[in-house]
Amino acid sequence: MINILFISERHEKIDYFNKILNKNVYEFLAMSDETLIYDVVNADPPDVIIIDAQISNIKQINKTIKSISGNAIIIYLITDSKVDKEFIKYANAFIDDKMSEDFIISTISINLRMKNSLEMLSNSNKDLADSLYRLNALYTTSSQFSGTLDKAQLIQYMIDGMDKALSFSLTCTLSLCTSTEPVLILNSLYELSDELIEALKLRTILNYNSIFDEKVLPVKIDINNLKVIKQIKYPASRFTFNLFRFDNMFTQISLGDNIFGCVEIFKETTFTPEDATCFQTIAQQVSLPLKSATLYQEIIETNAKLEKLERLKSEFISIVSHELRTPLTSIKNSLDILMSGRCGNITESADKFLSMAMRNVQRLSGIINDLLDLSKIEAGKMDFNFAPTNINTVIDYVKSALSEVAKSKGLTIVTEQDNNLPDITADAQRLEQVLTNLVSNAIKFTPENKIITISSKLVNSRDIHINDYFKDSIKLSDDDYVLVCVKDEGIGIAEKDLLHAFDKFAQIENSLSRKAGGTGLGLPIAKQLLEAHHGAIWCDSELNKGSKFYFAIPVIKIEQLV
1 MINILFISER HEKIDYFNKI LNKNVYEFLA MSDETLIYDV VNADPPDVII
51 IDAQISNIKQ INKTIKSISG NAIIIYLITD SKVDKEFIKY ANAFIDDKMS
101 EDFIISTISI NLRMKNSLEM LSNSNKDLAD SLYRLNALYT TSSQFSGTLD
151 KAQLIQYMID GMDKALSFSL TCTLSLCTST EPVLILNSLY ELSDELIEAL
201 KLRTILNYNS IFDEKVLPVK IDINNLKVIK QIKYPASRFT FNLFRFDNMF
251 TQISLGDNIF GCVEIFKETT FTPEDATCFQ TIAQQVSLPL KSATLYQEII
301 ETNAKLEKLE RLKSEFISIV SHELRTPLTS IKNSLDILMS GRCGNITESA
351 DKFLSMAMRN VQRLSGIIND LLDLSKIEAG KMDFNFAPTN INTVIDYVKS
401 ALSEVAKSKG LTIVTEQDNN LPDITADAQR LEQVLTNLVS NAIKFTPENK
451 IITISSKLVN SRDIHINDYF KDSIKLSDDD YVLVCVKDEG IGIAEKDLLH
501 AFDKFAQIEN SLSRKAGGTG LGLPIAKQLL EAHHGAIWCD SELNKGSKFY
551 FAIPVIKIEQ LV
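Residue numbers (this note's numbering): 1 to 562.
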C-alpha cells in the first residue's frame, strides 16, 4: 500500500486530505510536530510527502525532509499561484487549495508512476552495470588464462576471477595439478580456526569423492595427505562454524576425463542465477589452459628424458669406439706384418684370407671413425682448420682416390668443373670427407656400366633451387655460394624417404641398400660438417632413376665463420 505523509497545522486540510486519500486506498498519516516528523521519515520513509506551505518553520523542514526522505515524492500545498523559489528546489509537484479532488489524486498518481519508472530504470541500470562488471571480470580472467602455462598461476587466476566477479566469503579449491601432492587452497575473507580448517578439509574430500560416484579415484586423498594453503584478506576478524550456513556452490575443474580438482564457494548473501553461470564459466575456462599446461609439462619432461638418453648414447658410442680402436689397431698392424712376408712365406690361400681380413678391418675402422666423428660433432668438440680452399682441388683428390674403386664396379667418375671458382674458407679435410661419402654412396648404389658426375659452379642463393622437402629446414643467406653436385644413375630414393636420407642410422630400405650395408652415419655427419661451414646439403631423387646430392658453401671470409 502507498504511504502518504501530510505535514500541516491546518486541521481542515488534514481532514480533507484524510477523506480523499483513504477513499482511494492510500495509507494516510498527518503530522505537525517537527521532531516527530523527522523520526517517522527516518524510520520508514513514506512514498509521498505532502507539505503545507503554510506550516511554521517551513524552510528548515524543507531542508531536513529533503536530506532524509530518500526517494519519496515531495508535493507542496500552496494557497495561490505564486510559488516560493525555495520550494522549487525540493518539489516534485505542486497542488493548491482550489484544485479538485480528482486533480489532486491524478497529480499523486502521475508522480507515483514516474517514481516507479525511475526506480525500474535505476534497477535496470544497476543490473546492466553488474553484468558489464562481471563480463569485464570474465574477460580479464580469460586473458590471464591465455598468458601462462604455469598451473599454479592458472588456479590463482581462477580464484582471483571468482573474487572479482562474485565477491565471495570463502573459496575451497582442491588442486590436483600444482604439486606432487593434492593441495587445498583456502581463499578467505577472514581468519579460519584450526578446527574449521579440519572441517573444510573433510568437506572437500567428501565433495571430491562424490565426483566419481564409487569409481576408481585418480588420486586418493585423505585428511592427512591434503596440504593446505591459506590466503586471508582480513586476519583481524575470524569466521565461525556459522560459515556452513552461508549460501554455497560447488563444481569440478575438468576437461573431458581430465580432472584437475574441484572448487566450492561460500557467500553470506544468496547467489543469483547469474552468479551460478559466472561461477561455472570461470571453472570451465581454466580447464583448457590447465590441460595445455599439463601437456606442455609432459613434453618438457619427455624432452629432458630424451636429452639424457641421447647424451648417454653419445657417451656410450664414444667409449665403445675408443675401446674398439685400440685392439683394432693391433689387429691391423699384425695383418700388415703377416702380409709383408716378414713372418715367412704366405701361400696363395693364406694371402686371400689375410686380404679379406684387412678389408674388413679397414671397413670396421671406417665405422668406428664415423661413430667418433658423430660423437665429437654432437658434443661440439669437432676441430676445424679453416683456410682458403678451392673446391676443385677437393674434387680432383676425391676423384683420384675413388676412381679405382668405381672402375672395379664398372663405373666411371667424370667431373664438370667451373675453372674460375673463387676460393672458399673451409676445412679441406672435412670437405674431402663429405665429398668422399657422397661419391662412395653413389658407387654403392649405382649398378654397373653407369656414370657418376661431380660438378661445381658459382651461384647466388637466389638462383639455387632446393627441393621442396628441404625448404623449411634450409635457410641460405643472400650471398654467393659454391655449389657442388654428385649425380648418379643408381637406384634412387622414393619421394616419401627423401627427408629420412639425412637421419642418423637410417638407410633406405631396398635389396641393394641392404646388400651394400653401412652405418647410415655418412650423410648425417656430412650435414653437420656443412652446417659448421654455414652451408647446406640436400638431394633430388626419383626411384630407379638416380639421385643428385647437392651441397653449397658460402663464399665468405674466415672471420665470418669463426
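One or more hints might be untrue.
[Said to hold, decoys possible] Derived DSS-like pairs: lysine-lysine, alpha-carbon spacing no greater than 27 Å straight-line:
#1 215 - 233
#2 308 - 399
#3 164 - 89
#4 89 - 59
#5 59 - 164
#6 220 - 230
#7 399 - 313
#8 407 - 471
#9 305 - 267
#10 291 - 227
#11 63 - 164
#12 457 - 376
#13 313 - 291
#14 475 - 381
#15 267 - 332
#16 59 - 23
#17 308 - 220
#18 115 - 59
#19 450 - 471
#20 313 - 233
#21 399 - 450
[Unchecked claim] Simulated DEER-style distance windows between Cβ atoms:
#22 416 - 460: 46 to 54 Å
#23 3 - 120: 40 to 48 Å
#24 500 - 475: 14 to 22 Å
#25 503 - 460: 24 to 32 Å
#26 130 - 304: 46 to 54 Å
#27 202 - 305: 34 to 42 Å
#28 463 - 341: 52 to 60 Å
#29 15 - 136: 52 to 60 Å
#30 305 - 469: 44 to 52 Å
#31 418 - 301: 21 to 29 Å
Worth flagging that the hints you see were computed from the coordinates, not collected in a lab.
Computed from a prediction, not measured in an experiment: that's the story for all the values here.
We treat Cβ as the ideally placed atom computed from N, Cα and C, and that holds for glycine.
Okay, the hints, checked on the actual structure:
About 37 Å separates the Cα atoms of residue 215 and residue 233, which puts this hinted pair outside 27 Å; it is violated. A threshold of 27 Å between alpha carbons decides the hint, and for residue 308 with residue 399 the separation of about 41 Å lies outside it, so the pair is violated. For the hint linking residue 164 to residue 89, the alpha-carbon distance of about 40 Å lies beyond 27 Å, and the restraint is violated. For the hint linking residue 89 to residue 59, the alpha-carbon distance of about 11 Å falls within 27 Å, and the restraint holds.
For the suggested pair residue 59 and residue 164, the alpha carbons sit about 46 Å apart, so the restraint of at most 27 Å is broken. A threshold of 27 Å between alpha carbons decides the hint, and for residue 220 with residue 230 the separation of about 22 Å falls inside it, so the pair holds. A hinted pair counts as satisfied when its Cα atoms are at most 27 Å apart, and residue 399 with residue 313 does not qualify at roughly 35 Å. Pair hint residue 407 plus residue 471 does not hold up; C-alpha atoms about 36 Å apart against a cutoff of 27 Å.
This hinted pair does not check out: residue 305 and residue 267 have alpha carbons roughly 47 Å apart, beyond 27 Å. Simply put, residue 291 and residue 227 have alpha-carbon atoms about 22 Å apart, close enough for the 27 Å limit, and the pair holds. Only pairs whose Cα atoms come within 27 Å are accepted, and residue 63 paired with residue 164 is rejected, the gap being roughly 39 Å. As the CA atoms of residue 457 and residue 376 are separated by approximately 31 Å, the hinted pair breaks the 27 Å bound.
Distance restraint check for residue 313 and residue 291: the Cα-Cα separation of roughly 32 Å exceeds the 27 Å cut-off, and the hinted pair is therefore not satisfied. Between residue 475 and residue 381, the direct Cα distance comes to roughly 24 Å. Compliance with the 27 Å bound is thereby established for this hinted pair. Under the criterion of a C-alpha separation no larger than 27 Å, the hint pairing residue 267 with residue 332 is inconsistent with the structure, at around 86 Å. Note on residue 59 and residue 23: the hinted pairing is violated, with a Cα-Cα distance of about 31 Å set against a maximum of 27 Å.
Distance restraint check for residue 308 and residue 220: the Cα-Cα separation of roughly 32 Å exceeds the 27 Å cut-off, and the hinted pair is therefore not satisfied. For the given pair, residue 115 sits about 24 Å from residue 59 by alpha-carbon distance, which is consistent with the 27 Å threshold. Proximity of residue 450 to residue 471 is assessed by CA-CA distance (about 30 Å); at most 27 Å being required, the pair is judged violated. Annotation: proposed proximity of residue 313 to residue 233 is violated, straight-line Cα distance about 54 Å (limit 27 Å).
As the CA atoms of residue 399 and residue 450 are separated by approximately 16 Å, the hinted pair is consistent with the 27 Å bound. Taken as a hint, the range 46 to 54 Å is violated for the pair residue 416 and residue 460, whose Cβ atoms sit roughly 19 Å apart. Checked against the given bound of 40 to 48 Å, the beta carbons of residue 3 and residue 120, roughly 19 Å apart, lie outside it. One distance hint, 14 to 22 Å for the beta-carbon pair residue 500 and residue 475, holds here, with the actual separation near 21 Å.
Distance hint for residue 503 and residue 460: a CB-CB separation of about 30 Å, consistent with the stated range 24 to 32 Å. Residue 130 and residue 304 have their C-beta atoms about 48 Å apart, which keeps the hinted 46 to 54 Å range intact. Between residue 202 and residue 305, the C-beta spacing of about 39 Å keeps the proposed range 34 to 42 Å intact. Taken as a hint, the range 52 to 60 Å holds for the pair residue 463 and residue 341, whose Cβ atoms sit roughly 58 Å apart.
In this structure, residue 15 and residue 136 meet the distance hint of 52 to 60 Å, their C-beta atoms being roughly 57 Å apart. Here the CB-CB span from residue 305 to residue 469 is close to 29 Å, at odds with the stated 44 to 52 Å. Residue 418 and residue 301 have their C-beta atoms about 52 Å apart, which leaves the hinted 21 to 29 Å range violated.
Violated hints, in rising order: 1, 2, 3, 5, 7, 8, 9, 11, 12, 13, 15, 16, 17, 19, 20, 22, 23, 30 and 31; the structure is consistent with all others.
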